[in-house]
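Listed in order, the protein sequences are those of chains Z and Y.
Heads up: take any position in the first sequence, counting from 1, add 1, and you land on our numbering.
Heads up: take any position in the second sequence, counting from 1, add 1, and you land on our numbering.
To be clear, the hints were calculated from the coordinates, so they are not data collected in a lab.
Please note that a few of the clues may not be correct.
All copies of an identical chain are treated as equivalent in the list; a pair is satisfied when it fits inside any one copy or across any two copies.
What the hints assert, rightly or not - DSSO-like cross-link-like pairs, simulated, lysine-lysine; straight-line CA separation at most 27 Å:
#, residue 1, residue 2
1, LYS195, LYS321
2, LYS309, LYS27
3, LYS32, LYS256
4, LYS321, LYS216
5, LYS195, LYS216
6, LYS27, LYS256
7, LYS221, LYS191
8, LYS340, LYS34
9, LYS27, LYS265
10, LYS265, LYS221
11, LYS32, LYS142
12, LYS34, LYS155
13, LYS155, LYS265
14, LYS309, LYS265
15, LYS34, LYS324
Protein chains: 2
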Amino acid sequence: MIEDKNQQKTQLSDLGEFGLIEHLTKNFEIKQKSTIKGIGDDAAVLNFEDKRIVVSTDLLVEGVHFDLSYMPLKHLGYKAIIVNLSDIYAMNAEATQVTVSIAVSNRFPLEALEDLYAGIETAAHVYGIDVVGGDTTSSNKGLLISVTAIGEVKPGNEVYRDGAKPNDLLVVSGDLGAAYMGLQVLEREKEVYKVNPNSQPDLEPYTYIVERQLKPEARKDIVKLLADLDVKPTAMIDVSDGLSSEIMHLCSQSKVGCDLYENKIPLDPQVISTCEEFNLDSTTVALNGGEDYELLFTVSQEDFPKIKANPNLSVIGFIKEEKEGLHLVTRAETRIPIKAQGWKNFND
Amino acid sequence: MIEDKNQQKTQLSDLGEFGLIEHLTKNFEIKQKSTIKGIGDDAAVLNFEDKRIVVSTDLLVEGVHFDLSYMPLKHLGYKAIIVNLSDIYAMNAEATQVTVSIAVSNRFPLEALEDLYAGIETAAHVYGIDVVGGDTTSSNKGLLISVTAIGEVKPGNEVYRDGAKPNDLLVVSGDLGAAYMGLQVLEREKEVYKVNPNSQPDLEPYTYIVERQLKPEARKDIVKLLADLDVKPTAMIDVSDGLSSEIMHLCSQSKVGCDLYENKIPLDPQVISTCEEFNLDSTTVALNGGEDYELLFTVSQEDFPKIKANPNLSVIGFIKEEKEGLHLVTRAETRIPIKAQGWKNFND
Chain Z
2 MIEDKNQQKT QLSDLGEFGL IEHLTKNFEI KQKSTIKGIG DDAAVLNFED
52 KRIVVSTDLL VEGVHFDLSY MPLKHLGYKA IIVNLSDIYA MNAEATQVTV
102 SIAVSNRFPL EALEDLYAGI ETAAHVYGID VVGGDTTSSN KGLLISVTAI
152 GEVKPGNEVY RDGAKPNDLL VVSGDLGAAY MGLQVLEREK EVYKVNPNSQ
202 PDLEPYTYIV ERQLKPEARK DIVKLLADLD VKPTAMIDVS DGLSSEIMHL
252 CSQSKVGCDL YENKIPLDPQ VISTCEEFNL DSTTVALNGG EDYELLFTVS
302 QEDFPKIKAN PNLSVIGFIK EEKEGLHLVT RAETRIPIKA QGWKNFND
Chain Y
2 MIEDKNQQKT QLSDLGEFGL IEHLTKNFEI KQKSTIKGIG DDAAVLNFED
52 KRIVVSTDLL VEGVHFDLSY MPLKHLGYKA IIVNLSDIYA MNAEATQVTV
102 SIAVSNRFPL EALEDLYAGI ETAAHVYGID VVGGDTTSSN KGLLISVTAI
152 GEVKPGNEVY RDGAKPNDLL VVSGDLGAAY MGLQVLEREK EVYKVNPNSQ
202 PDLEPYTYIV ERQLKPEARK DIVKLLADLD VKPTAMIDVS DGLSSEIMHL
252 CSQSKVGCDL YENKIPLDPQ VISTCEEFNL DSTTVALNGG EDYELLFTVS
302 QEDFPKIKAN PNLSVIGFIK EEKEGLHLVT RAETRIPIKA QGWKNFND
C-alpha cells in the first residue's frame, strides 16, 4: 500500500508556488495535429477543421472504483484513461485528447502522483492521445480522478446507441467477465494478506483475468477494424457495467427487443476455470460483471459475411421488435428475461 | 445545513436502474447550434465547423472549495459552472458546452442533488451554454463536482497568457477582493450560529460581497465588450487565485515584468468598509483574496483611447522588461516586490 513504501517522499505542501499539474505533466508530448495549445493556459485550444467532436467524462473514486491495496498507482493512471477512451471508441470515433483532474489527500507524497501520471503518460503514448489540461486539488479523504476525453469523427460516421433495428445482429468484441473474476482473485488475496502478510500470492493461473482488471485496454483496434471491413454499426455502446446492463441501454434507446444466446457469449478459459473455483456461474459473471471495456454493437444482416470469420468479434444474438422484450436464450433453450440491475454504487 | 432539512427525501439507492444523471438533467434544453448530441450516449457529439475549440476543467471539493453550512446547493451548482466558464472567457472565447460530474455520499438525498442541478441549469440558461454530459457516482465522504467547459473561438482570436509586451497596459475588469471579504463575513456568521443557533444574522451591510462569494459571475460581457471596442488583448487570464498570483502567471509566461499601482486597484466601498471592520488591509485582500473571476489582461498602448472611459475596466499598471521585475507601487510611492503565494490547499 502506498503509505508503506520506504522511499524518498516529497510532501505536496513542499511544492510551493510551482504548479503540481505542470510538474506532473512537463514531459508529456503533444502528438495530435489538432492540439494547438495544451496544458499551461486557462484552457486548451484545439482545431478539428471539418471533423465533429465527441466528448465524454468519468469519475473514478478511491474505495468505490478502485482499491489502492492491490491497484498500483501506475496501473490506476492507465486505467483512468482507458475507461474514458472506451466511451470515445463506442461512438466510432478516434480519441485525440484528454484532460485529467485529481483530488488527493495529503497522505500521498509527490512520488505517488508521479507514478499515477506515469500510467497516464503510458496510456497517452499507447493510444496516441494528448493530455491537454487538468486541475490538481486537495481532498479530505483519498484520491479521486476525473477524466474528460475528446475525440473526432467524420460527420456521418458517429454511431449512437439508438440505431439498432429488428433483425440486426448483436455483436461483441473480445471476451467478457474476465475483469470481474480478476477482481475476485485480488480481493481474495487481499484477505489472505491481512491474515498473513508474509504470504506470497501465486497469481500465475490468473494472469489474464488479473491483467484485465488492473490494466484493461480500450478497443481502438475494433474501430479501425470496422472501418477496414467497411462496416458501420447501427448502434454501439461500450461494456463498462456488464453485458446485460449495456444490452438494456442499447435496446431501450433503440426501442427494440433482443434474443441473447448464452452459448455464444465469449468467455476466456481462465474465466471458466476461475468461476468453477469460486463456485460462480460464468454467464451471470459475463452478464453482470462489468469493466470489460469491450464494444457491444449491432450490424445489419447484410454485413454478416464481413464479420463472421473475425476472431475478435462474436455474434451473440439478434435484435427483435420492442414488444418481444429482451431475453437470454439458455443452453437448455429456455428463455429468461434480461433484468435490470440496481445501481450498485449507492446500495452500500 | 443539508442534513437538517425537514422535507420529503428520496434516497439515492431508491432510484434503482434509472440513471441519476438522466433524471437530474432531463429538463435541460439544448440551445447551441454546435451541440449535435447531448447527454444520453457514450459521449456528446459537437460540431464547430471553422472554429477552434477551447477546453478547460476544474474540480470543486467539499471542505476545500466550499462549505455547505453557508453555501446553498443551488448556488454551488451555479458557481461550479461559473468558475469554468471564466477560464473559457479568459481565452477570449465563447463558452458553448459543459460536462458536469459529481461524486456524492449517501447522506445527500435526491432532492439535494436536484437543488444542485437547478443551479447548474440556471447558470446554463444565463450564459447560454448546453450541459452535454456527465457522470454521477458515490463518494465515501462529501460532495465533489468536476466540470469541463468547452468553448469556441475564431482562429486567431484566442488570447493566451504569454503575449504581454513591455509598455502594454495592465487592465482588470470589475473590482477585486469582494468574494474573499464575503467569505470572511460568512465564516464569522457560522461561528456565531454555532454558539447561538437562534441568532439572525444581519447581512444587509454585506449584500454585495456575500453575493460575490455565493453567486459569482463570469465576465462573458467583457469578452463581448472587447470585441465591440475592437480591442484584442495581448495576454489574458482570469482572477481566480488573487491578483498577485495571476499577475505572476501572466508575467512569467510572457517573460516580462510589471508595475502595479496600489491606488488604481478597483475596490468596492463594501470591501473597504468590511476590511476596516475586520482590520484587514484592502490591498492585501485584493492581491491575495481570490475567487473574483474578473479578467486580467494586457493591451497595447494604442488601444488606451478605446478602453479609458469604460466603467467596467481599470488600468492598474504597466508591463515592463523582465529584468525590472514585478512591483507594487504603493500610495506612498514605495516599490514592493510582488511575491509568490504558497499553494494554500496543501498547507493544512
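Checked hints:
no. : hint               : result
1   : LYS195 with LYS321 : neither (50 Å within a copy, 62 Å between copies)
2   : LYS309 with LYS27  : neither (46 Å within a copy, 39 Å between copies)
3   : LYS32 with LYS256  : between (40 Å within a copy, 26 Å between copies)
4   : LYS321 with LYS216 : neither (35 Å within a copy, 51 Å between copies)
5   : LYS195 with LYS216 : within (24 Å within a copy, 49 Å between copies)
6   : LYS27 with LYS256  : between (48 Å within a copy, 18 Å between copies)
7   : LYS221 with LYS191 : neither (32 Å within a copy, 52 Å between copies)
8   : LYS340 with LYS34  : neither (45 Å within a copy, 38 Å between copies)
9   : LYS27 with LYS265  : neither (47 Å within a copy, 36 Å between copies)
10  : LYS265 with LYS221 : within (23 Å within a copy, 55 Å between copies)
11  : LYS32 with LYS142  : neither (35 Å within a copy, 38 Å between copies)
12  : LYS34 with LYS155  : both (16 Å within a copy, 18 Å between copies)
13  : LYS155 with LYS265 : neither (33 Å within a copy, 51 Å between copies)
14  : LYS309 with LYS265 : within (13 Å within a copy, 73 Å between copies)
15  : LYS34 with LYS324  : neither (48 Å within a copy, 35 Å between copies)
In the structure shown, a violation is registered for the earlier hints numbered 1, 2, 4, 7, 8, 9, 11, 13 and 15, in ascending order.
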